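**Q** Using the sequences provided together with the hints, build the complete structure.
First residue of the sequence shown: 1, per our numbering; consecutive thereafter.
No wet-lab data here; the hints were simulated from the structure. What you are looking at is a predicted structure, and each value in this text was computed from that prediction instead of being measured. Even glycine gets a Cβ: it sits at the ideal position worked out from N, Cα and C. Do not rely on the hints blindly, as some may be mistaken.
Each computed BS3-like pair below joins lysine-lysine, with the alpha-carbon atoms no more than 30 Å apart [stated by the list, open to error]:
hint, residue 1, residue 2
1, 51, 76
2, 46, 15
3, 36, 24
4, 180, 148
5, 15, 58
Using C-beta positions, here's what the derived DEER-type ranges look like [to be verified]:
hint, residue 1, residue 2, range
6, 29, 4, 21 to 27 Å
7, 76, 117, 26 to 32 Å
8, 175, 29, 18 to 24 Å
9, 2, 120, 18 to 24 Å
10, 3, 34, 25 to 31 Å
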Amino acid sequence: MMDETNIYHIILFSKRRVLGLLFKNCNFNCIGCINKLSPWSPSLPKNIQEKLKSKPLKTLSLEQLKQILSQFSDLKVALLSGQEPTLDPNLPKIVEILNHYGLGTILETNAYCLNEDKIKNLEVAGLEEVRVSIKAYNDELHKYYTGKSNKEVLKNFRLLWGSELIPRATTVLIPGLVDKDEVENIARFISSVDEGIMFTVIGYVAVPPAPWRSASIDEVIEAVNISRRHLRNVWWVHHGIQVDEEVLCIYPELI
Numbered sequence: 001m002m003d004e005t006n007i008y009h010i011i012l013f014s015k016r017r018v019l020g021l022l023f024k025n026c027n028f029n030c031i032g033c034i035n036k037l038s039p040w041s042p043s044l045p046k047n048i049q050e051k052l053k054s055k056p057l058k059t060l061s062l063e064q065l066k067q068i069l070s071q072f073s074d075l076k077v078a079l080l081s082g083q084e085p086t087l088d089p090n091l092p093k094i095v096e097i098l099n100h101y102g103l104g105t106i107l108e109t110n111a112y113c114l115n116e117d118k119i120k121n122l123e124v125a126g127l128e129e130v131r132v133s134i135k136a137y138n139d140e141l142h143k144y145y146t147g148k149s150n151k152e153v154l155k156n157f158r159l160l161w162g163s164e165l166i167p168r169a170t171t172v173l174i175p176g177l178v179d180k181d182e183v184e185n186i187a188r189f190i191s192s193v194d195e196g197i198m199f200t201v202i203g204y205v206a207v208p209p210a211p212w213r214s215a216s217i218d219e220v221i222e223a224v225n226i227s228r229r230h231l232r233n234v235w236w237v238h239h240g241i242q243v244d245e246e247v248l249c250i251y252p253e254l255i
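**A** See the structure below:
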């Protein structure tokens with residue numbers, strides 16, 4: 001259907017009034033993808049995650065998205081993530097709808113198919129920021145982990161810098177695979193575009209049967225300090241640091 005989207009899950013960070021939209025389907029097959037644990041947001045309380053286990057991944061139409069948004073009057077930002085939002089043909093329309101309801105828009109993507117035409121379409125739609133997840137700088141490592149080369153990812157990241165969109169970058173520190181040296185390689189690449197670009201290092205969460213353990217806070221902080229040799233604006237995220245904020249499941253409805 002022309003009206004159908006790939007959005008299957010919506011959450012709300014109640015304090016910050018940030019809406020998280022999760023999209024199904026991905027063009028990567030990451031060995032340690034957290035979606036292999038569960039397609040539902042890990043930010044939700046455990047009891048809500050349990051209730052969602054029996055729910056099918058049913059996607060929304062554009063009209064259904066509008067109906068959900070019309071229930072709120074104080075939302076600030078929409079974070080478009082999931083699996084891979086850029087595979088949704090209706091992504092520019094989704095951005096337009098979110099803007100119509102007064103939300104700023106941030107796209108999280110692997111950037112593999114974020115070519116010049118898609119960037120332009122998203123600019124016109126009103127997208128503000130793009131956060132590119134760079135899995136690895138070493139191409140062989142990237143192919144091993146995702147099944148795809150990173151050449152398009154790196155090329156498209158450079159294209160973003162020349163656009164009207166605000167580019168950011170993230171990576172996941174995976175002990176024994178994407179270690180501090182590889183994170184530094186990614187930071188060095190980003191600095192070759194601009195050393196002021198924001199870069200966030202995320203601590204890996206173990207995803208059995210993938211062989212890697214979870215990253216410790218100390219390992220993440222070490223990688224961050226190394227990255228700061230090349231970049232001015234480096235942050236970090238770790239699952240061990242709990243955010244003091246209620247997270248609500250907006251879709252699917254829990255009855």
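**Q** A range of 26 to 32 Å was offered for this pair. Does it hold for the Cβ distance of residue 76 and residue 117?
**A** holds (29 Å)
**Q** Within a Cα-Cα threshold of 30 Å, do residue 180 and residue 148 meet the stated pairing?
**A** holds (22 Å)
**Q** Could you grab the alpha-carbon distance between residue 51 and residue 76 and see if it respects the 30 Å cut-off?
**A** holds (27 Å)
**Q** Can the suggested window of 25 to 31 Å be confirmed for the beta-carbon pair residue 3 and residue 34?
**A** 30 Å Cβ-Cβ, so the 25 to 31 Å window holds.
**Q** Checking one constraint from the list: CA of residue 15 to CA of residue 58, max 30 Å. Satisfied?
**A** holds (27 Å)
**Q** Mind checking the alpha carbons of residue 46 and residue 15 for me, to see if they're no more than 30 Å apart?
**A** Cα-Cα ~19 Å, so holds.
**Q** Taking the beta carbons of residue 175 and residue 29, is their distance inside 18 to 24 Å?
**A** holds (21 Å)
**Q** For the range 18 to 24 Å, tell me whether the beta carbons of residue 2 and residue 120 fit it or not.
**A** The hinted range 18 to 24 Å holds for residue 2 and residue 120, with Cβ atoms some 21 Å apart.
**Q** Does residue 24 lie within 30 Å of residue 36 when you go C-alpha to C-alpha?
**A** Holds - the C-alpha atoms of residue 24 and residue 36 are around 12 Å apart, at most 30 Å.
**Q** For the hint 21 to 27 Å, verify it against the beta carbon of residue 29 and that of residue 4.
**A** holds (24 Å)
Taken one by one, the earlier hints all hold for this structure without exception.
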